[in-house]
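K.L.:
Got chain B sorted already, so can you dock chains C, Z and L onto it with the hints?
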Amino acid sequence: MDQVINTTARREEILKVRGMTKTFGPVVALNNVDLTLRKGDVLGLIGENGSGKSTITSIVAGMQKATKCDGMYYKGEEWKPSSMLDALDCCGKGRGGIGMVVQESGTIPGITVAENIFLGELGQFRLFQMKNGKSFGPVRRKKLFAAADEALKKAGIEHIPAKAPMAALDFQSRKLVEIAKVILKDPDVLIIDETSTALAQDGREILYKIINSFRGTDKAVIFISHDLDEIMDVCDTLTVLRDGNIIRTFERAEYDPDEIRKAMIGREMHGDYYRSDFEPACGEEVALKAEDVCLGESLKHVSLELHRGEILGIGGLAQCGMHELGKVLFGSLAPKSGRVTAGEDREVRSEAVAIKYGMGYVSKDRDVESLNLSASIKDNIAIAGMDKYAVKNFLILDSREKKYVDRQIDELSIKCSGRDQLVQQLSGGNKQKVVFGKWIGCGSEILILDCPTRGVDIGVKQAMYRLMTKLKGEGKAILLISEELPELMGMSDRILIMKDGEVKKQFMRSRELTDADVIGYMI
Amino acid sequence: MGNLINKHQLKNFGVRTAGTLAVPALFVVVIFIICAAQGVMVLTSSSLFADFVCYAAIVTLTTFALSINLGSGRFDFSLGSMATLSAVASAQLTYSMLGGGAGSGIVMLVFSVLIGAVAGAFSGGLYVILRIPPIITSLGVALIFEGITFVLTNGTYIMSEVQNDSMTLFRTQWYLPAVIILVALAAVYFLFDRTKFGYDYKALKEGQKVSINTGIREVPNAVWCYVICGALMGTVGFLQAARNTYISTNVLNFGSISVMFTAFLPMFIGGFIGRFSNDKVGYLLAGLSMSLLNSLFAQLSLIGIIDSSSRAIVEAVLLVLFLIFLNNEQTCRDLVTGRIFKKWAEAARERKAAKHSREDK
Amino acid sequence: MEEVLKSRSGDAVKKQKVKNIIIMLLPIAALVVLFAVYVAIILANDYNLAINLETIVNQAIVLVLVATGAIFIFTLGSFDISLGASTLFSATVGILVFNATGSLLLLFLTCIAVAVACSLLNSVLSSVFHLPMFVMTVAMLSVLTSIAGTIITTNSTSAGANPAISVSDSVLRDILGSVDTVWFKVLILALFAVVCIFVFNFTKVGRRQKFLGGNPVCAKMTGIPLSVYGIIAFVMAGIGVGLGAAVNVTYTMSVSTGTASDIGMSVFIAIVFGGMPISGGARSRIYAAIVGGFSYIILNNILNLLLSSVDGRYGYVQIISAVLFLAIVYVASINYRVKHLPR
Amino acid sequence: MKHLGKKLVACACALALTGSMAALAACGGNGENDEVRIGVLVSDVSGEEAVSFRNYYTQYIAEQYNVTFTYTEQLNDSASEIAAIEQFAGQNYDAIISLSANDRASQAEACEEAGMYYAIASGMDDTIYETYKNNEYFVGQIGPSMSTEYEAGLAMGEYYADKIEDSVAIYGAFIPNPMHVYRMAGLLTGLGATYGGATGEAIVGAIFADSGVTASKISLEGKTVSYLAGFGDSTMTEMGTIIATDPDALLSVGMATTFFSAMLNEAGIPYADIDSFTTSNAANMQSGTLEYLAGKYTSSIGPIFAAVYNAVQGNKIENADGSAISISQDYWVATSYEQFEVFQTSDSVTDPIYNKELLDTVIGEDVTYEAFEAFVTTDRTPQA
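Read top to bottom, the protein sequences are chains B, C, Z and L.
The numbering used here puts the first residue of the first sequence at 96, with every later residue one more than the last.
The numbering used here puts the first residue of the second sequence at 572, with every later residue one more than the last.
The numbering used here puts the first residue of the third sequence at 69, with every later residue one more than the last.
The numbering used here puts the first residue of the fourth sequence at 3, with every later residue one more than the last.
Okay, chain B solo, but in the shape it has when bound:
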């Protein structure tokens, strides 16, 4: 990676935040935080979920307002953006503002790429442009599309036509459109919030190219990621946040993964991160079986067997079909052909059947598919386990339900104010624990985990890996779908690598297995 640092430019501050506090109701997300960004710098922000890193950047980028702030200065002037567009426009100056590529999808599927790129600023394409900057009249479509094509080109994205409907693009292309949208405005500060997780290698290359074009110039980048390796690789400086406070800032020379982890979680990490053994092991009995499953472009003749006491990893790029595979196995998507059976040849036709056969499914899209955010922890955990504690299999008694839920809260040590707390108020990690509690509590024998540690901080991650090991020991069958190779290699007894809807290669667990061995089969 390019490491030229212009030391004279680095001295100059471009963005300064002093005493920023943000609260959401009773919850403090940022506590009197100071932050300084210097020209030419690529600053990494890292911290567990809820440490406040997205909060501080979203305030800087005009997405929301601070509850209290002693001062926010951009290029020496007071900085008060009213919206993200306003921040990009540098509060009316037109260029050189602050642009942010947000963590969740920042594009709108129902409209065209061009409309997304110029979202909220179509005024410039109106027929009549007045000298005082005002405009009126209809929007000229040809001009709009031409400008959008221009913008895509500028960001180095050639394969996306501006006229295409956003919905027709894949996830990565959508993210790239977002990047193009920000780059178009020539921001002097670029904020990238957890974007790279959505990108495959080629997409990441485009992103890194852009970041490097900022490095050492008069501009600067703030880069947010969960991936410690990536962030150490990309950033010149690293600031660690925890519980809304800034804990420590590391210069590149001081980088030490253990130190950084310690700063993030505020304590020493004990024991192993992943599984400690390197012997592939599993029971004889086949718990779940897919035979020649096909689903359009996503799955082509996939067959697999998952045994009791086994952790079977499925890896590949985001679009390789592995997420669809998870849903097919759980009966949530009906395969066009082929069949899925659990245990003794019992066909899995729907989620309800899957659950009856002792299956549980942790979705990648946790907030939508695995949780009912507006309901309490109790409701979420209890919903799948009613067969366990219902009297005569229909009567639900509060006392039994509470006991059941409290046991899960205890066993998974979910941090909450009580079982009646709403799930939407929990952190990502604790939300994921609730999902685990929901499926483990009801005694699932087969667990399909799709990116179970996505958006989860290190502490919880470690706890989850331990839990998986424990479950394996109890003879449960676990199918681990993940986009993170270290996790797959660290946990699985066996790894299947998928590409374009097909299983390309199988690896057995081994100490010798390396990233390089595997990646070749993914791309």
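I should point out that these hints are in silico values taken from the structure, not numbers from a laboratory.
Don't take each hint at face value.
[Said to hold, decoys possible] Stretches of chain B that chain Z covers, calculated by requiring three or more beta carbons in the stretch to come under 8 Å of a beta carbon on chain Z:
1. 435-447
2. 460-472
3. 490-497
For clarity, every value in this text was computed on a predicted model and none was experimentally measured.
Cβ coordinates follow ideal geometry from the N, Cα and C atoms, glycine included.
P.N.:
Chains C, Z and L in isolation, oriented as in the chain B frame:
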């Protein structure tokens, strides 16, 4: 509402034209077959044609209004009450000024549009201020508008206020409602497909949170939507008054609700047509189709083979059938082409094969 | 994006809890206050309290019964606009059966069976053909009103403007009259409410309904398909409609084309008035229908009394009651404000 | 929290306001003890006839006597009728006059239960009368009987029998509303047409059996008959179609003056209707093509008031065998504007035919059934 991917792929002009005209053509063909079978004719005189255009205008504009907010997930029960209120208030106002003299029609139309727009602004304003789901505010607003209508008239029919030569023209001269349709179509097309407001509207509709975070101001956009709805419903109120030659004002306890239900079928048909061309044009074609259907119903009613309740059932069944088509398009297509039997056969064969292989094991 | 939210002190949480409870109790408080005002007016005017209270029950009972069952549909975040039409239709069939048999039991059973059948038709059709539930109910509204209208017109015994079927046999009228009492109505309501509360809060079905309303996608992934539970919800609503229809028959001893015409929309008002969010989900409560239904009726009665000498009072009554309705819903929803406009 | 506090305070204020209004209402109500309070049930608040009836009671009678009339809103079903009666009962009203007919039996029973006098002011119903005539609280019914309705239709039909040369259009209003059915039967008979039979009785039976009129079953020798009824989205189109055939006249059994006046005046097609003597009908007759109007006159509901008033004062009028009154009233017919004008001027809200002076002759302790009957049946049709 329209499926963008399809739209993108359907570049073929022939397919687009065929898709656009398929449903209206089907209506025309079926209606003329029924006419021939029953020995009746529709649109036999110029005044009947004028009535056809006038009713088409009512349906089309109501459909425009319904689709604007419904498309954005905002349920509006107050459409009918806006139409009645603006018609009643504008009729009284116009009559007090002109006494039914020359120009009454156009003046009342202008007032009705304006009052409708104000009513819409009230409705939209209440929604953005209270920030409770629009379905609830619209219930309250409908009750309020119905109440105001009742207070203005004490529930009595509005008759002489809307019975004058000037108003008659809108019912008997087909070009007047035709002009209204065209102006309304041009206005909604321009506003929603060509302006920044329209682009913002679409962005908010498809991705509310992202749009707002980006800096699109939702509140004014929403209020303007309600204002436009109000103006459209004001026009509908006026046209109904002109066509019926009286206004029934006793609409307490949600008596005004049913107006919006008549627009569901044309809205879905229009949305379907919109996939091939433009949804606004679709609503117009659907409105014309519904009006032609109305003309047929009138003739069938005169010879005594259909009455208002059987008509309601026919329309409801059409709605359900069309929805079934929309939501099971692939199956319907397979059914028509006969491919479905092939599929069934394949599936059966597969099941059999799977069974055999299991048994073999 | 609102990353992690850390709880401040237990104190703040407690305060929030108290606030939540106040907001939750608001609809009940509103009912109590409205009731008190109503009683005060009655007593101050030297009117007969007993008769007036009976009137309230008579006016509210059908609405409340229908709304109580409808909670199951609303919980799913769905709604049924054909409830009024369904009430009319089942009452129509019910009264025909009663006229033919003279059996009270058959009246109730028929009404319930017909209403449940209508509900099933609604929900099964929409789940088999993947139709939007609401639009299906719009179509159902037309169909049921028209069919009921045709039946009533064909069998009309009325001398008035609206065709109507009435129970004219005096023996049969006496049978109906024997159960047309406040106590019987309250008993029916209480029984139904208890059943609903039980199903809603103490069975798997009820829990799943609430979960479905909160997040249908997640519910599906938890093995709770909308198609199945939607049907169950519509069946419960059907029972409420059937009971409402039968009680209406015992009260009026006739069914006309205008019967229950405003019930369909009043159900919305009642349920929201009772403090339940229109989107359903975890905050759904059975009592919302009862509290809201009675509040709405009492409010209208109060306004009618207060404005009795005003010209065009029914217009004013409706305006004021709509404004108060919006005000109460506004205050009750204060905890659930979001940045963007709700849909 | 502060925000919430404010809201709660606002709410409390609103409720306090309501409370004080309640107290206010209490002061206003029930001041005079001997005031007679009558609730009026209506199922139509929109039509001109309904409005003039209402004005006669609330603006004339209420001024002349110590009476208050309270009108209900439009009652669409039996439940709302009973609820209205119960509300009146709860407020200690003395009597109910019913112009609404969703379910008269239930009305009568509800009134009996509440101990309020009950009277029917329009659309006489013999079944109801026979059932409840000995009921203590049933005052009786005065208004056009079904045979009067039949006669009204018959007169119109006879008037037009010779005038129709080629074609006639008939509007059946809200058939199978019995009132409209009887008028229709009369009309067809008068024209010399048949519908499942030639006699009035047969026609009534046929229409009820069909629960409506089927156009093709009407037969009028040598002439074309077109028929429409009801009011819906296609009604105006149907009327337009009929007008295009240029019929000799449109004969209506009700509501045509409301729905079709504008169209018919403009097309120059003569029409006849059974409605009431309102200003707009006067205009239709003077400058439009309305040429025949049978109608109730505004103060025709005067006698039933007198009967109710007597009953409330303790002088319930009963016939020899102790049953309630049941007297039919006839329609007036205008076939020229002059005649119409006479009707209008001789019976208005400010100067009605049944004015106080006249009504006082049948109000009091010693009014006999015979005197009352004679009073109602006396022909008071104004002469030009």
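K.L.:
Taking beta carbons only, do three or more residues of the region 460-472 of chain B come closer than 8 Å to chain Z?
P.N.:
Since 9 is at least three, the answer is holds.
K.L.:
Does the region 435-447 of chain B contain three or more residues whose Cβ lies closer than 8 Å to a Cβ of chain Z?
P.N.:
Holds, because 3 residues of the region 435-447 of chain B bring their Cβ atoms closer than 8 Å to Cβ atoms of chain Z.
K.L.:
Confirm or reject the coverage of the region 490-497 of chain B by chain Z under the rule of 3 or more residues with a beta carbon closer than 8 Å to the chain's beta carbons.
P.N.:
Contact hint for the region 490-497 of chain B vs chain Z: holds, 3 residues under 8 Å.
Hint compliance for this structure: every hint is met.
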